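Residue numbers (this note's numbering), protein chains in the order written: chain F, 1 to 302; chain H, 1001 to 1453; chain A, 2001 to 2330.
Hints may be right or wrong, so weigh each one.
Said to hold, decoys possible - Capping the alpha-carbon separation at 30 Å, the derived lysine-lysine pairs in DSBU-like fashion look like this:
1) 1170(H) / 2064(A)
2) 1170(H) / 1187(H)
3) 73(F) / 1161(H)
4) 289(F) / 2064(A)
5) 1349(H) / 1161(H)
6) 66(F) / 1087(H)
Simulated from the structure, these hints should not be mistaken for laboratory data.
Remember, it's a predicted structure, so these values are computed and weren't measured experimentally.
The primary structure of each chain is shown beneath.
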Amino acid sequence: MSSSLTLVQRKPGYSKPLRSLTYAFLTAVALAWMVPILGAFYSSLRPYAETQRKGIFSMPDSLSFKNYGDAFKQGGMGGWHGTFANTAFIVFPSIALILLFSSFMAFAVSRFTWRFNITLLLIFTAGNLLPAQVIFKPLFSFYEHVPWPNFLSDTNTGHLLGTKIAVIIIHVAFQTGFCTFVLSNYMKTIPKELNEAALVDGASVPRQFFQIILPLCRPALAALATLEFTWLYNDFFWAVVLLNQGSERPITSSIANLGGQYFSNDNLIAAGSMIIAMPTLAVYLMLQKQFISGLTLGASKG
Amino acid sequence: MSGTTEQSPSPRDVGFSINRRQVLIGGAGAASAAALLAACGSDAKTTPATTGGATGGTTAGTTAATSGAAAGGEVTFGSNYSDAKPKEAMQAAIDSTGLKVKVNTTDHNSYQGNITNYLAQPDDVLCWFAGYRMRFFADKGLVGDISDVWSKFTDFGDSFKTASTGNDGKQYFVPLYYYPWAVHYRKSVFAEKGYKVPTNKAELVALATKMQADGLIPFAYANDGKWPVQGTFDILNMRVNGYKYHVDLLAGKEKWTDPKTKAVFTAWAELLPFHQTNANGRTWQEAATSLEKKEAGMYYLGTFVATNSKDQAYLDDLDFFNFPALDDKIGADALDAPIDGFMMAAKPKNIEGAKALLAGLGTAKAVDAFLKIEGASVAANGKADTSGYNAIQKKSQELVSKAKNIAQFLDRDTSPDFVSNVIGDAFAAFVADPTQVDTILKGIEDKKSTYLS
Amino acid sequence: MSTDITSPDITAAAPPHRGRRRRYSQLSRSDKVWLSLMVGIPSAIHIAFVWLPAIGTIMLSFTKWDGIHLGTWTGVGFKNYWTIFTVFDDKFFPALFNNLILLVFLAACSLVGVLLAYLLDKGVRGSAIYQSIYYLPVVLSLAVVGFIWKSVMYSQSQGLFNVGRTTPIDFLGNSQKLFEFHVPFLSFPLGLTKNFAALLLAMAWRHIGYVMVLYLAGLKSVDPSLREAASIDGCNEWQTFRRVVFPVMKPINVVVLVITVIEALRAFDIIVALKEPIGTTVLGVLVKNNLTGEGGGQVGIGSAYGVILLLLCLGFIIWYLINNYREQEL
């Protein structure tokens, strides 16, 4: 990481013992942090019959990735109606809409003066912090009675309830608040002169937004996309209460599918857990740099 | 037991699925004609009911298949059989009806917790349990009256009909199978140590004491999820106070603070030292494993205890006995034997298809197909083929048929709301600290009126 | 990072923006339409799907309803609240106390997160690797976190923490209290149960990484010259942090604080994933069980629990927002 190297040179250094102490501390924490995951990983490599007899943490007779294949199959993860695909159908449209709407809002409230500017921002931010289960019941009844044409969903329920659209809507409604907050803070750091200059050139509002402001917000958008991906991907509350068709449920329900009413194979669940963790981990690692820089400016330049 | 269960995938793959394909191909041709018939008039409604399940026995399956085609279209089916083996078994039962069924499987636990939400938008036919748990939804108008399907059933005993009947006297449920709760043990351990199956309280206590002396935990015990110890309460209440009191208590007619109720907890506290400690943090699967590993001598649980193991030698070694009488005047003729089966949505999209499917699932053929793979429970249908039963299944059937009174299970015999919000915590608190019994019982009684009124 | 056009330097050079924003009235007609849509659509969705249901829950909390058929509710005034405070007091107050414990604990975890971020920001070789490891639990689904702690770490029969013990410890089932105290108006003591303490560890595992990343992001934006100036002025490490870095980080501090408080109040999913052992209930679990549980539920009581939770959250949210927007035009 080149950035960390330059940082090493630039920042005031440690004394030598302090430096060793720091490394020792950071490494110790890192090791402790890895233990649960490594434990689950180890468990995922072992066959059921063996751990049933000897316990998870014993010397292995055999290690294999067989559980992964089984978990993938039994958890119903693959295919167009598998849990991975369902998650993708929910998460990607949600993130696109969330980022679009929140950058609309952020643009409007941060680049223009409105009478209700702050009020709106207050409502949005506060809304995002409400507990999900508190709004569940009325929302459920609402979804239950709002007709929804079958050609716009793959469930044919006739109502919004039970469709992925219902889940997407609540994700968008909820998360737009947080993203508006971060993005509006971010946009405030962009010099106003850019707008003024654009105005002199006769640029319309949509042109200013799409061609000038939005491209400058890329780091913040990347950071938010990373965070939102993690959150929406991992949601299981809304998915379970709003989607009654098992074939509509997202990846988080795969664990429950493996969980077992009767026979419970922890190694299989561990393998399932590892598979489920991979996409979010990959997204984080891929966008780690943007993630940090995007959040940086948004959050601390209020 | 199940040499058959272990190898079950292959016969199904070869037999049933081919069978199903043939039926589907045949059915597809008949479907359009059937739709025309259905369009002709109101007698279409009676068609499936007259044919489906009318004759019972093995022939009924084929009849049901015909009627399924007559009912036309796809039936949707909500299943909570999410484990690999039960899922396959349920599919086999459905396939045996020959109907075109779209199965919606959701995981067992969230299906149950989410049932009210699910019933806002149910499939045509759905899996559920008998008892208060079924009658509650019937009262609320969330499930459909299937008395006409029942009028054609001839294979079920009266007790099953009663268990399928709502408070309004109509039928809302089709039973598939049941399983008793009993004290499980390993025959080899009993033989090796010279233990005898106890028939009364003194013998039970003597046996448990001896096991302790031999370094065994007398009873394996678990309460993760807060439902397993409800079984203990049920059986103790039925042994101490009898079936009638048990049912009345759960219906809210008796008081939890009554000395008779407290006597149950006194008995429970007496037996607790013979149980595995720290039950609240243990899954029943873990407790079952300690029975398998011979760390524990006995385990009071439903016969599904066997489903946790794949070791055939252990399964052959597994046996059970009825929980002994604690009071000679009360005896030991009541027990928990929950019935699982199906309900119909209040307004199914395909009502003819739904009823045809329920009729088909009520046949001996369907339950035979199910049990052939599941291999642990007992068929509700009286004409089911019992020749393939393993020892446990045979014994289960015998035990239940001898019992005078059958309870479902605590969370099926009273408001599930009350159980999940009050009883679960209360019993867990009792198991953790039996000395708090008075506070705990008062807490239950105070909260009861919120749920049962 | 520092070559980015949006880096702090440019912002610092920019003139203050007060009064420089454009007035709505100066815009052309089509621009007005555009702006109205840009504000209108997201606001309508947000208000319709978040705030209206929240108001609905408040109204339902004054009714008795089985949650099944619309319109079958009957008004009961404050009875649900009264029931909660009297009949269900042995559920409500321990849950509330657990939320409080969680709040204090997560606040302490936040400090650890801040410490880790600070150390990493000082320039450590392999910083990215450390970051990734600390952040790892945050990306995991709570269903996965629940499974890992329940089965891999805490299980009596096979958990890592019980390996080699002849008498295993029941981490998640033991509801004995580590400490307890009596409250005058309650007939039972409040206290921290052992299993809730065990659960806290699983929560710390996630929370610390979360705070670490947020804080690290904030620290990256602190102008290095500030620290250099401080060290030239003879400030030691702690003084530099306390007097220079921490105050500059105020917006991030507020964000971390709010996240900590809200997470502590809203928490429910990890406890549900661990099957809600006795002694570990928090308000969010009570709301969930009464509103979405089997049997239709007591919607009135569940909503009343929800409203209490809502009020607690809103109190902090309002404080936070005032804090955040105070310095801006209102």
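Structure-based check of all given hints:
1. 1170(H) / 2064(A): Given pair residue 1170(H), residue 2064(A) holds - Cα atoms ~28 Å apart, limit 30 Å.
2. 1170(H) / 1187(H): violated, 44 Å
3. 73(F) / 1161(H): Answer violated: residue 73(F) to residue 1161(H) is near 39 Å, above 30 Å.
4. 289(F) / 2064(A): violated, 52 Å
5. 1349(H) / 1161(H): holds, 26 Å
6. 66(F) / 1087(H): Holds - the C-alpha atoms of residue 1087(H) and residue 66(F) are around 21 Å apart, at most 30 Å.
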